[in-house]
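Asks: Protein sequence lines, in the order shown, are assigned to chains A and B.
Heads up: the first sequence is residues 0 to 397, going by numbering that gives the first Met the number 0.
Heads up: the second sequence is residues 0 to 557, going by numbering that gives the first Met the number 0.
Certain hints may be false.
Calculated pairs, DMTMM-like style, for lysine to aspartate or glutamate (alpha carbon to alpha carbon, straight line, at most 25 Å) [stated by the list, open to error]: (1) B:K23 / B:E6; (2) A:K177 / B:E533; (3) B:K181 / B:E521; (4) B:K338 / A:E218.
Source of the hints: derived by calculation from the structure; they are not laboratory data.
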Amino acid sequence: MATLAQTSSNLLLAAFFLYFLATVFFAVSITGGRFKNKEGDEKNRTGTYGYISSVLAFVSAIGYFVTRWIAAGHAPVSNMFEYTTFLGIMMGLGFVIIYPIYKSRVLGLFTMPIVMLIIAYASVFPTEIQPLIPALQTGWLQIHVITTALGQGILAVGFAAGLVYLIRVTDFKAKSKKVTALELVLFGLLCFVGHVLLNMGFGAAGYEKEFNYTNEYGEQAQMEYQLPAIIGPNEAELASETGSNPLLLAPDFIVADDLNAVIWAFIAGTALYWLLRLVLRKPIGGALQPLVKGVNPQSADELSYRAIAIGFPIFTLGGLIFAMIWAQIAWTRFWGWDPKEVWALITFLFYAAYLHLRLSRGWHGEKSAWLCVIGFAIIMFNLIFVNLVIAGLHSYAM
Amino acid sequence: MKKVICECGHENPYGTELCESCGKPLKDQGKGLVNMRYEGAARRSQTYSRTIVDKIWNFFSSVKVGVWIIVLTLIASSLGTVFPQEMFIPPGERASVYYQQEYGTAGQLFYQLGFHNLYSSWWYMLLVAGLATSLIIASIDRFFPLYRALKNQRVTRHPGFMKRQRLYHTERAGEDAHDRLKKAGDALREKRYRVREENGNLLAEKGRFSRWGPYVNHIGLIIFLIGATLRLFPEMYLDDHIWVREGQTVEVKGTGGEYSVRNEEFLIEFYDDEDERFINNPQQASAVAKTYQTTVTLFQQTSETIGSGVEPDEVEQFPIRVNNPLTFDGFSLYQVDFKLNELSEFTFAVEPEEGTDDELYSETIDVNLYDPETVYEMDNGFTVEILEYFPNYVFENNEPGTLNRIPDNPRFIVEITPPGEEEGEMSMVGIQVNNPLSEESDYRLRMVDFDTNHVSALAVRRDRTIPILIAGGIIFMIGLVQGAYWHHRRIWIQERDGELLLAGHANKNWNALKKDFSWLSEKTGLPEPADQAEKEETDGTRDEGVKSNHGDAGSDKQ
Ligand code: HEM
Chain A
0 MATLAQTSSN LLLAAFFLYF LATVFFAVSI TGGRFKNKEG DEKNRTGTYG YISSVLAFVS
60 AIGYFVTRWI AAGHAPVSNM FEYTTFLGIM MGLGFVIIYP IYKSRVLGLF TMPIVMLIIA
120 YASVFPTEIQ PLIPALQTGW LQIHVITTAL GQGILAVGFA AGLVYLIRVT DFKAKSKKVT
180 ALELVLFGLL CFVGHVLLNM GFGAAGYEKE FNYTNEYGEQ AQMEYQLPAI IGPNEAELAS
240 ETGSNPLLLA PDFIVADDLN AVIWAFIAGT ALYWLLRLVL RKPIGGALQP LVKGVNPQSA
300 DELSYRAIAI GFPIFTLGGL IFAMIWAQIA WTRFWGWDPK EVWALITFLF YAAYLHLRLS
360 RGWHGEKSAW LCVIGFAIIM FNLIFVNLVI AGLHSYAM
Chain B
0 MKKVICECGH ENPYGTELCE SCGKPLKDQG KGLVNMRYEG AARRSQTYSR TIVDKIWNFF
60 SSVKVGVWII VLTLIASSLG TVFPQEMFIP PGERASVYYQ QEYGTAGQLF YQLGFHNLYS
120 SWWYMLLVAG LATSLIIASI DRFFPLYRAL KNQRVTRHPG FMKRQRLYHT ERAGEDAHDR
180 LKKAGDALRE KRYRVREENG NLLAEKGRFS RWGPYVNHIG LIIFLIGATL RLFPEMYLDD
240 HIWVREGQTV EVKGTGGEYS VRNEEFLIEF YDDEDERFIN NPQQASAVAK TYQTTVTLFQ
300 QTSETIGSGV EPDEVEQFPI RVNNPLTFDG FSLYQVDFKL NELSEFTFAV EPEEGTDDEL
360 YSETIDVNLY DPETVYEMDN GFTVEILEYF PNYVFENNEP GTLNRIPDNP RFIVEITPPG
420 EEEGEMSMVG IQVNNPLSEE SDYRLRMVDF DTNHVSALAV RRDRTIPILI AGGIIFMIGL
480 VQGAYWHHRR IWIQERDGEL LLAGHANKNW NALKKDFSWL SEKTGLPEPA DQAEKEETDG
540 TRDEGVKSNH GDAGSDKQ
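Assemble the whole structure, with the sequences as input and the hints as a guide.
Replies: If you want it as structure tokens, here you go:
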């Protein structure tokens, strides 16, 4: 069994590199010279190679999923690592489905790195196989989670297309609110990159500090830090031999190590952002713009809408309907206004509003693309913030 | 109101923008693309606005209003997750102090605004009611006109209609135009288009049923909301729970005595630390519960035999687990909670205050803590009378009392009467307690053993709204898929006064329609129409400042 779990991790690693390869192919196919064959027709197959890589990556990722399922005895969608990884894989699948319709290589160039980022982010959470509590032991939960992730993955492709649209049409030469907003989105993505890099770095160095602290029930408890403590837990005292004391202490109802990680992510994101700006000497969106110049904005707009129209029914089925069936069986009632449920409802209402706004001409294009960005932010908020901070019934930390 | 008669002879309802039959623009003769959403049919909301009913109708049928309601519901829903709802705060905490104490001023505000019960507040319900009203009115307002227009459409269209479609092309018709039209018809049939021809004109249509998708999904949603509202009636929705001790039989609440269950065994299982799967875990697997299970026997008493002392019939034995409820006759029993090792029985012996008397000691009595008897006669002649029983003892207001009937801290006031004596001696006994109450005491009760029991909590549910909710959910999903995964595409080809006209309309996914046109062009040599909405073609070298406002012919001005 242990070896099967090992195989599973290797397959995920392979998938990660194949996604990287796909990114490289798409980048080359857009920036590289136009290859012409004897007849003078354009022959640029790198885009096709990129697509093939993304398909292979998906196959490998499914290999990870199946082997881990066998090793664990339950579908690997039951903790933060497993669910987040699966969301990344499903975004990859969304791309695999949508690419043949529109053949947009730029979409590949934007989607693949986001998929990699999501999978890398997932691996920061504990990756061990964990036992399932009774409420989670049902096929309906697995069906619910798998369908929801697929829906969210396809909606995330809509986000990638929206981003392409925005970078395509924004004028980065002059300062404007639009430029700032777009840079903020890219900064947000860089914070995730920073978070992953820091955790990998300190993880590789074997950094670990333990604090004794007083928890929200007034009891003594221990908390382990994987990053140096800027914010320590309530009434913290360092329990490890070495290390410095935190600069500040958090009140008892805040999960201090998570807050600390968030602060580090912002610091790292800021550092990365300004480093890039120094190197590129222009807004990052502006630096990306030449990559998307060949994109017809109207196609990008239609593509993002299409992704959302395809993803919305799947998300509704998984995130609301299957969720209600599971809740009815496991928690005795199909709806309980638990924060996770409410945020699924909010996601649903948001995309419903999006679809209705698109009925009018004025909301096509730029506004619509911004809505796709906000929608993705809601999905990530539900995944990260609601899971880790507003813990409810679904909290995997249970 | 006056009907509008088109030059093609069709009588249109007042307010029609495009003739239902031939498509001739009736209202504005201007340029630009025609408004194809709802086929330019007369909608009540766009036509009348005099009476108050008209005004309300128009208000709720507007998509703008609909979106506002959706967005307000969204914002309201999110506010309720800032702090936990009242039902999630720890049991026994009082909301009026809890929020302030835990979350300070913000918590206090949250409580005072009533956000701790947001989802059952009147204004949240009002929002949902507004959503439902808007859904119903907007759907009716559009469905009937759209239905009429799609049903009445003719093959031959007015040139003004053709010209102002987003996909449009015209050229001089060649000699072979007639042939090509025929070939086009065949080719489109091959592509699963429904093709109609009428004196040299052609209409090919595909996926019209997807136009009903939004209406179907709105109906599903309304049915769902009706179902959810019905839960407010107790007849429709029962939510209760029962505690059942091992070996005990308890009536299932809400069944009027018809059903009862006996708890045969409660079982809790943990994961195994030796399990290879979890060996790498920092957290011990044995700290995680694997199964909670109550094995119950269900009994039924027919309505004639209730209270008549007749033994009830055994219906079935069933292991109730989390995720595996027992369902019978519309009721469901769920495993929701448990209590391990509740005291169930004390075993007492009588012993002298001083010294031990083995003979006295070997005689014991078993006192059932759920239902003690009043007098216990012992074989050695002693009588033990239970004067008072406090299952969950507290001393309040200078008086002994009990919190509830659960034997968490049982205390007895007993009177021990030795053989042959008239007067007994009183004392109070309990766990680690043995206080004489009489002046003089020679004997006392000594606890020699105790027994415990597991207790299981089962939720009792009957939800008669479930079939309605399921129906609503299924209809909603069908409508959603119907509207999102299929598209309505139409192709018109005409040969008129020596000119060949092509036009195309898709309610969405123009990409697919364009592909169909290029396929058609390959097959038959017909020209491909241009996209009149694409004002700016990209030349592949621009990198900045492309304006975003390209139109979509099918747009609604709301
Ligand atoms: C949360 C509630 C709602 C959901 C889930 C919902 C869902 C949908 C969906 C999926 C569509 C198809 C959109 C498309 O094809 O792009 C649609 C269309 C539409 N909805 Fe809703 N809707 C909701 C509430 C409303 C409300 C409150 C109104 C009231 C104004 C409304 C009016 C419309 C209209 C007018 C259409 C277009 C119909 C057509 O194209 O023939 N909807 N709705």
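Asks: Now tell me if each hint is right for this structure.
Replies: Structure-based check of all given hints:
Between K23 (chain B) and E6 (chain B), the direct Cα distance comes to roughly 8 Å. Compliance with the 25 Å bound is thereby established for this hinted pair. For the given pair, K177 (chain A) sits about 24 Å from E533 (chain B) by alpha-carbon distance, which is consistent with the 25 Å threshold. Distance hint between K181 (chain B) and E521 (chain B) is fulfilled; the C-alpha atoms sit about 15 Å from each other, no more than 25 Å. Our distance criterion of 25 Å between C-alpha atoms is met by K338 (chain B) and E218 (chain A), whose separation comes to about 24 Å.
The earlier numbered hints are all upheld by this structure, with none contradicted.
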